[in-house]
Amino acid sequence: MKTDLIVHSTIIIISMNIIHCYVVIEQLDSLTKSLSDIKPLHTTLVFTYSNTQKNSDIIMDILYNEILHWKPMKLIEMTDQVPNERDFESSELVILYSSMLLLSYKDYIGGSQEQIYHIISCMKVYSMQTPDDYFLIMLKTLDTFDEEIEDILKFAWSEDILNIIILEIQHDINNLYESSHNYYSFMNTEHLYTMKVHQYDPFLKKFYHKPFTPGISLFPDFAKDMHGFPLSIYPLQQVPFGIVAWNKDASVRAKIGASYRLIEYLAKELNFTPIIEKSLYSRSDVSINTTGPATIALLQKLGHFVVAGIAPHQTEDIAEEVLRLRPIIPIDLGILMPIDYYINEQKIQDAIGSGILTLIITTIVWLVAVLMRVERKIWNLYFILRLLFSIPVRDQPRRPSQRVLFFLVVMIGFTFSKEIYSSLANIGVDSIKENDYNTIEEIKDSGCTPMILSVLFTRTFAHATEVELHLKENIVPTYKINECIDAAINYRNTCCLVSSLEGAFYRMKSQVIQGEYKLTFAKPIFWSDHGTFNIGKHAFYKRHMNRVISHLSEAGIIKRSYTHFSELLTGVIRKREKGKEIVGDSHALLSQIYAIEILGWAIAIIVFLGELFSYHCQYRVDRIFVVCKRNWKNSRFK
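Quick note: the sequence shown uses my numbering, first residue 92, plus one each step.
No wet-lab data here; the hints were simulated from the structure.
These numbers come from a predicted model, not from an experiment.
Warning: the hint list may mix true and false statements.
[To be verified] Listed next, with one range per pair, are the computed distances between beta-carbon atoms: (1) 295 - 556: 50 to 60 Å; (2) 417 - 338: 32 to 42 Å; (3) 379 - 558: 22 to 32 Å; (4) 203 - 421: 51 to 61 Å.
[Unchecked claim] Derived lysine to aspartate or glutamate pairs resembling EDC-like cross-links, with alpha carbons at most 16 Å apart: (5) 614 - 559; (6) 296 - 312; (7) 296 - 242; (8) 563 - 536; (9) 633 - 316; (10) 245 - 292; (11) 339 - 368; (12) 563 - 533; (13) 633 - 312; (14) 296 - 241; (15) 301 - 237; (16) 346 - 368; (17) 628 - 250.
All residues carry an ideal CB built from backbone N, CA and C; glycine is no exception.
With the sequences and hints as input, model every part of the structure.
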């Protein structure tokens, strides 16, 4: 039979030759059936284990001959010492990130499993960089060791190894015919071998001991249904992608945003139980000085987890790919600036002139009304109306009552003048234009202090130009970018390095809260990347999560979910209605309108008091004149 080689993800598909013309051994060919949906990769790495004193064995010889025939890029024999990642050269590490099958073959007589545990530990270290590695341990035995093999499989799972099988090749010369019917077997002139596959489903905690038959699925896809397996979720306060509200007892009260909806969908599809841990940034070893590479080093130490936050690449190291799911959304890092307005001065002058003109017109109307005794004519009209309706007419009121009536007329006039000013002033407001920041020089000249998330600092300025280095000198790292956003809205003295999607949300939020835009996204872009979730280093669930995300992306669901901010903006509007989140300066136009209205009332009150005072003075003068005239007449007649 022709030997063939098919590379699927991180597995080598093997088809064995005919042995002594008895039975065809296709021990690993069945892998093609269970892994046919995985796209092939480019590089292959095969590891084998050999003892220092290796005896010739027909199976071992065939395996080695076939491996050499495939011409793998790298063939390494495991040693008696468990390797350390620091021991590898960089060139070897590059190969470790590629496809591999970890293969071991040895004699086993039961008893101590230390040597096999050592093999598994070596496999674990070698496969650290590959999330979809596969382990095949072939044990040549003389008897059945199901219970001991179960212990070995449990140990492998404790080392976070899921895709592992033990292929037991049992030498049984006494049961030739019975074995040939019960097991897929082969023989040479001296020996009969029966073969059994041992598997372990850690999610159901169930062992399988199956006869090896053609077409058997050697590596069942246990991870496609995790049966409620608890998976740690590290939440991030990442507006607008996800927000978490906590109770006082550190439990989660509520969580909203596209990232958490995606986590819930993944949990439903893969049937795992998301366990919300404390935020990654609440850990004692994470501070404002924690850089991107330091964050990656921290993630490498954790177990099985998913970080529910959109993250770009923090380093240029290919090893970071192991800690990432497939791309979810694009990220363009730019600068969110407080708006610097260009104001049409002519329109502002026209608005001020409209207020002065309104004041002059009101004054003229007042003078004309006084000279023409409008208040008396209004009273006469009222007198005529009462006669027409046969209403008893009282005496005409004294002059102060007429002044009160005139006071009301003036107040109505100033009320309408306020509306006139408002409409004219709005013309000036509509003429405002935002300043476009087209270069980093313009951003630097604005005088705003730049701020950036500390985890993005290293990557952003790793290859900075001369102009960007000037910006770097004044930049302030932070791990809470919302502090920068608040300062930019309220004080206009900071600018924030955020993604374009974050910038779009914060700009809309400033408009919802303030009534007008307070922020704008500058033109310069520092770098472009794709953001996704970080995951555990040896994540057996990675392939399935990638499959789900891929389907959601193709359907356009992820794009809509991450670019529509109605859910978060609705929450902002509710807070605004409750009066909990109105911040910033008072509205300039509203202040001007109130000022004009207060001025009108003040003038009307002054006019009214002046009228009363003038009437009082005129009354006193008239009384004095009458008294003087009477005294003069009396003195004359005497």
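Worksheet entry | Distance restraint between residue 301 and residue 237, which requires alpha-carbon spacing of 16 Å or less | holds (11 Å)
Original post:
Straight-line Cα separation of residue 614 and residue 559 no greater than 16 Å?
Top reply: holds (14 Å)
Should the hint that residue 379 and residue 558 are 22 to 32 Å apart at their CB atoms be regarded as holding?
Check passed, 26 Å falls within 22 to 32 Å.
* When you take the CB atoms of residue 203 and residue 421, is the distance between them in 51 to 61 Å? -> Cβ of residue 203 to Cβ of residue 421: about 54 Å, so the range 51 to 61 Å holds.
| Regarding the pair residue 633 and residue 312, is the alpha-carbon distance no greater than 16 Å? | Holds: residue 633 and residue 312 sit about 12 Å apart, inside 16 Å.
- Item | Given pair status - residue 536, residue 563, alpha carbons within 16 Å | Holds: residue 563 and residue 536 sit about 14 Å apart, inside 16 Å.
**Request:** Below or equal to 16 Å on CA atoms is what counts here, so check residue 633 against residue 316.
**Result:** Holds. Residue 633 to residue 316 sits at ~13 Å (cutoff 16 Å).
Practice item. Could you grab the alpha-carbon distance between residue 346 and residue 368 and see if it respects the 16 Å cut-off? Key: holds (13 Å)
- Query: Quick one, are residue 628 and residue 250 close enough, alpha carbons at most 16 Å?
  - Reply: With a Cα-Cα distance of about 12 Å, the restraint between residue 628 and residue 250 holds, given a limit of 16 Å.
* Asked: Does 32 to 42 Å hold as the CB distance between residue 417 and residue 338, or does it fail?
  -> For residue 338 against residue 417, whose Cβ atoms are near 34 Å apart, the range 32 to 42 Å holds.
Regarding the pair residue 296 and residue 312, is the alpha-carbon distance no greater than 16 Å?
-> Measuring from Cα to Cα gives roughly 15 Å; hence the hint holds.
CA of residue 296 to CA of residue 242, is that 16 Å or under? holds (12 Å)
Consistency note: the structure conflicts with none of the earlier hints.
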